[in-house]
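Listed in order, the protein sequences are those of chains A and B.
Here the first sequence is numbered in this note's numbering, starting from 1 and rising by one per residue.
Here the second sequence is numbered in this note's numbering, starting from 1 and rising by one per residue.
For the record, the hints were derived by calculation from the structure and aren't laboratory data.
Possibly wrong hints are sitting among the right ones.
To be verified - Just a few of them, taken from the derived set where beta-carbon distance is under 7 Å, the chain A residues facing chain B:
1. P187
2. P259
3. A315
If you're wondering where the values come from, they're calculated on a predicted model, not measured in any experiment.
Ideal placement from N, C-alpha and C gives every residue a C-beta, glycine not left out.
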Amino acid sequence: MSNAFYGTFERHSDGKGLKGHSTHYCAGCGHGLAHKYLAEAIDELGIQDDTVAVNPVGCAAFLYFYLDTGNTSTAHGRSPATAVGHKVANPNAMVICYQGDGDLAAIGLAETISTAQLGIPITVIFINNAVYGMTGGQMAPTTLMGQTTTTSPDGRDRLTGSPIRMAELIAQLDGPVYVERVALFSPAERKKAKRAIKKALLMQKERRGYAFVEVLAECPTHLKTTPEKAMTWVKEQMLPIFPLGVKKDANFEPWFEMPKLGFDPTTLLKAIGASSEKPAGFCKGFPTHLNPTDISLKLAGSGGDGAQTIAMLIAKAAINEGFDGTHIPAYGPESRGGTSYADVHVALEEVHNPASPHPDVFVAFNAPSLAKFGNTVRPGGIIIYDNAVAKDVKTTDPTVKVIGVPFTDIAARLGKMVVKNIVALGALQAATELFPAETLLATLRDTLKDKAALIPLNEKAFAEGAAAAREAMKR
Amino acid sequence: MSQANTRPKPFLLPDYCKGCGRCVQVCVQGCISFAKEINPETGMVPVLLDLAKCTGCGLCIEACPEPYGLRAMEAGESFELQDPATLFGPKRSTAPDPVDIPGRTIPLPAAEPLVIKGTYASALGALLAGCRHVFGYPITPSTEGAELMAKLLPKMDGFYLQAVSEVATVYHMYGCAGAGLPCMTFTSSPGFSLMLEGVSYMIGSQLPGVFVDIMRGGPGLGNIGPEQADIKLACRGLGHGNTHAITLMPSTPQEMLDLSYLAFELSFKYRSPVVVLADGYLGQMTGRVQLPTAMIEPGLPAWAVYGDAAHRKNLHTSVFLDEPTLEALNVKLNAKYEAMQAEARAESFQAADAEVLLVACNTPARASKGAAQKLRDQGIKAGLFRPITMWPFPIEQLKPLLANVKQIVVVEASAGQIEDELRLALSHAGITDPPPITHIQRYGGVLPQEKDVVAHVQNLMGRA
Numbered sequence: 001m002s003n004a005f006y007g008t009f010e011r012h013s014d015g016k017g018l019k020g021h022s023t024h025y026c027a028g029c030g031h032g033l034a035h036k037y038l039a040e041a042i043d044e045l046g047i048q049d050d051t052v053a054v055n056p057v058g059c060a061a062f063l064y065f066y067l068d069t070g071n072t073s074t075a076h077g078r079s080p081a082t083a084v085g086h087k088v089a090n091p092n093a094m095v096i097c098y099q100g101d102g103d104l105a106a107i108g109l110a111e112t113i114s115t116a117q118l119g120i121p122i123t124v125i126f127i128n129n130a131v132y133g134m135t136g137g138q139m140a141p142t143t144l145m146g147q148t149t150t151t152s153p154d155g156r157d158r159l160t161g162s163p164i165r166m167a168e169l170i171a172q173l174d175g176p177v178y179v180e181r182v183a184l185f186s187p188a189e190r191k192k193a194k195r196a197i198k199k200a201l202l203m204q205k206e207r208r209g210y211a212f213v214e215v216l217a218e219c220p221t222h223l224k225t226t227p228e229k230a231m232t233w234v235k236e237q238m239l240p241i242f243p244l245g246v247k248k249d250a251n252f253e254p255w256f257e258m259p260k261l262g263f264d265p266t267t268l269l270k271a272i273g274a275s276s277e278k279p280a281g282f283c284k285g286f287p288t289h290l291n292p293t294d295i296s297l298k299l300a301g302s303g304g305d306g307a308q309t310i311a312m313l314i315a316k317a318a319i320n321e322g323f324d325g326t327h328i329p330a331y332g333p334e335s336r337g338g339t340s341y342a343d344v345h346v347a348l349e350e351v352h353n354p355a356s357p358h359p360d361v362f363v364a365f366n367a368p369s370l371a372k373f374g375n376t377v378r379p380g381g382i383i384i385y386d387n388a389v390a391k392d393v394k395t396t397d398p399t400v401k402v403i404g405v406p407f408t409d410i411a412a413r414l415g416k417m418v419v420k421n422i423v424a425l426g427a428l429q430a431a432t433e434l435f436p437a438e439t440l441l442a443t444l445r446d447t448l449k450d451k452a453a454l455i456p457l458n459e460k461a462f463a464e465g466a467a468a469a470r471e472a473m474k475r
Numbered sequence: 001m002s003q004a005n006t007r008p009k010p011f012l013l014p015d016y017c018k019g020c021g022r023c024v025q026v027c028v029q030g031c032i033s034f035a036k037e038i039n040p041e042t043g044m045v046p047v048l049l050d051l052a053k054c055t056g057c058g059l060c061i062e063a064c065p066e067p068y069g070l071r072a073m074e075a076g077e078s079f080e081l082q083d084p085a086t087l088f089g090p091k092r093s094t095a096p097d098p099v100d101i102p103g104r105t106i107p108l109p110a111a112e113p114l115v116i117k118g119t120y121a122s123a124l125g126a127l128l129a130g131c132r133h134v135f136g137y138p139i140t141p142s143t144e145g146a147e148l149m150a151k152l153l154p155k156m157d158g159f160y161l162q163a164v165s166e167v168a169t170v171y172h173m174y175g176c177a178g179a180g181l182p183c184m185t186f187t188s189s190p191g192f193s194l195m196l197e198g199v200s201y202m203i204g205s206q207l208p209g210v211f212v213d214i215m216r217g218g219p220g221l222g223n224i225g226p227e228q229a230d231i232k233l234a235c236r237g238l239g240h241g242n243t244h245a246i247t248l249m250p251s252t253p254q255e256m257l258d259l260s261y262l263a264f265e266l267s268f269k270y271r272s273p274v275v276v277l278a279d280g281y282l283g284q285m286t287g288r289v290q291l292p293t294a295m296i297e298p299g300l301p302a303w304a305v306y307g308d309a310a311h312r313k314n315l316h317t318s319v320f321l322d323e324p325t326l327e328a329l330n331v332k333l334n335a336k337y338e339a340m341q342a343e344a345r346a347e348s349f350q351a352a353d354a355e356v357l358l359v360a361c362n363t364p365a366r367a368s369k370g371a372a373q374k375l376r377d378q379g380i381k382a383g384l385f386r387p388i389t390m391w392p393f394p395i396e397q398l399k400p401l402l403a404n405v406k407q408i409v410v411v412e413a414s415a416g417q418i419e420d421e422l423r424l425a426l427s428h429a430g431i432t433d434p435p436p437i438t439h440i441q442r443y444g445g446v447l448p449q450e451k452d453v454v455a456h457v458q459n460l461m462g463r464a
């Protein structure tokens, strides 16, 4: 008797009476043998302490009655997902998924395939008995053609699908290191079954990868036959559909050792880009000329114009100056092209409304943006737009100041279209005097500190945008 | 064949035999046969052993599916039937009783405020709270949190895993939390719907985990605009069964960090999932975020199924077929929900003397705060009550504010889900005659604006 079984099954009706030493399986059920070979392999490999058995939903839901190891019972089909959670939490744990055909090949198919392809070292024992046992004999994904079940009363036919061969399916994936199908109907097959289960655990112990053993098992109860005939049925009916044997036996290098989790505060602060250095301030006071306590800006263009980047820069600059700042992006569904607009607020104390339905300042990178938001600018507000792409802009409100700056032309002249937004930022600074130029430039340099080579070009773009805006305002 | 004589022969307690006959099939000597007599103890028909010709080949033992079925009889043992209790029991598991390994608080050097978006702030809160395992499935507008985690976690030797679905995500969490480690996910409304089954399992198995749901417009695929329509899911519908979880409602990027950090503490304190509900604006919104003064290195709780000798004894499960046992679990969970009432949190703004009390959470609370200020400027005594926990609803914090209140106005981006929580809390608190409750509701990715609130209240107070 394997030591990996409890001495008394205390979780089985509190271990009282016969249940203390007896399984809940029907006579002739294959689960008991699979449990036994699993327990013996755990014993022989000396992994009892490290083992976490993930209990499925199905007849084996109470594996934890018997296995004296760590146990987690999970939802129907979610064993592999749960197992992965255990394995990444403790890579030294020996994590075993023990699943039936409904659990593994029906409801849990997505998790089964993705976990196998991930190849993470866990061991999957798949009990295929061609029928749902726990719920009372319904059709399984592995039910044979013509086989009658309570939900295929006239025998499985084309309308109810055909049996899925999981071992073959799993074996053709890249992730698994070892896949075998075994059976329990004869001494020779049982010997192979035991060997396969042990090897599958060894593959995990050696960190070589994901291993999968499909066990063709008998369910005499729902085959409505005797245990003996059920064994014959597996041999004669199942084998032609589910051929036995090793389906994959690869020679993978062991997975890398997972490092110990890091809790060094300095490493963390560096990783998140936190700094103890106080940013320099250049503002004399809040730019009340735009709005007394809360300035609202909108920047709009096509995706890729860089509206979001400079929106973020403005919010950052505001906070560096000791004000509050917020930025909310909004995109169309496209990753490039399409609409992209940003709402920015700069507040003396606290931003209450982060959206900008009626901006004080509006920066437009193209004509559609102007058409969409031009008339939302509040009376006395400012519009700065790219007059290289939008011509003859007029507003219905004469109090709104409209300043055209050729963002695109300037960027093209500088040889890098991507600095178009920095041209716009320079123009915005000159046209609104939201902050001193140095405030925005310092934030810009800080943002580019990992790409320092780009700083001179960006500074030039900013200066040219500002100069062009000043020139435009003279007209 | 002297070897055959030394090999142990099989032994069987009939009580533990179900008569499947796998042993009958393999015995070439014909020592084992099917019987006809029903065992009165079990109702089964155990096989009969006649070992006169037994060679001790062991094939029957190998074929027996019962752990305590056919077994090899060791030298000196008797064939006589023995009392099973003395034969097998009371051998107990050698697994030790696990103990808690406490975590530690590590002081953080002072740092300047960061300027980051809400999902990033939430991710940093989780990292600082000791979370090194993040699972997720990409969904707008929550994905940036996962993206940042995928970038930062390797630097902290942590682990980000993109799951095959939200369903898989929650069970990755179930496993990782089951091992006793802090873990989380970022998701958005349709994804959160998919996770709810697993949340129910986590509550049933009493496992911690943090769900950051950046709520978007629904129902169905809806859109990626901001909404607050998952409140009924978080407060009243966390999967099947009697479920509740503390639900935190940040309203600024700063609170995205602070409440995500707090969520881990509460989650482990109560061994229960915690939900952080933010609207799409908060997820995307960039703002000032100050880091806390300390970070956490988590320990390992005694209840973990870690996969080591110390925790071998443990089991996580939510299946209890015995009705009294499952009822006892529910009683225990209800007591836990009762204890969680102490975690109710709220913030008030100009509420002490308010005649018009605005009730709002998340981004609409910001607009409401602005509105309250504007209304005060106009001489209307308006204030804001902002629940920070939606479940438990901070009714004790609300009660003392009600004295002067003539009107309650619920401002929300949902069809009354916050109002329902408020009304339910008032009712449970025995407040049968609360001030009149009106509301401003927007849906479909649209948030109520400050001017909407101001206009509504002006109208209400006859100042339109």
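Here is how each hint holds up against the structure:
For A/P187, the suggested interface contact is upheld, since its CB lies about 5 Å from the closest CB of chain B, less than 7 Å. The restraint placing A/P259 at the interface with chain B holds, with a minimum CB-CB distance near 4 Å, inside the 7 Å limit. Of the supplied interface hints, the one on A/A315 holds, with its beta-carbon coming within about 5 Å of a beta-carbon of chain B, less than 7 Å.
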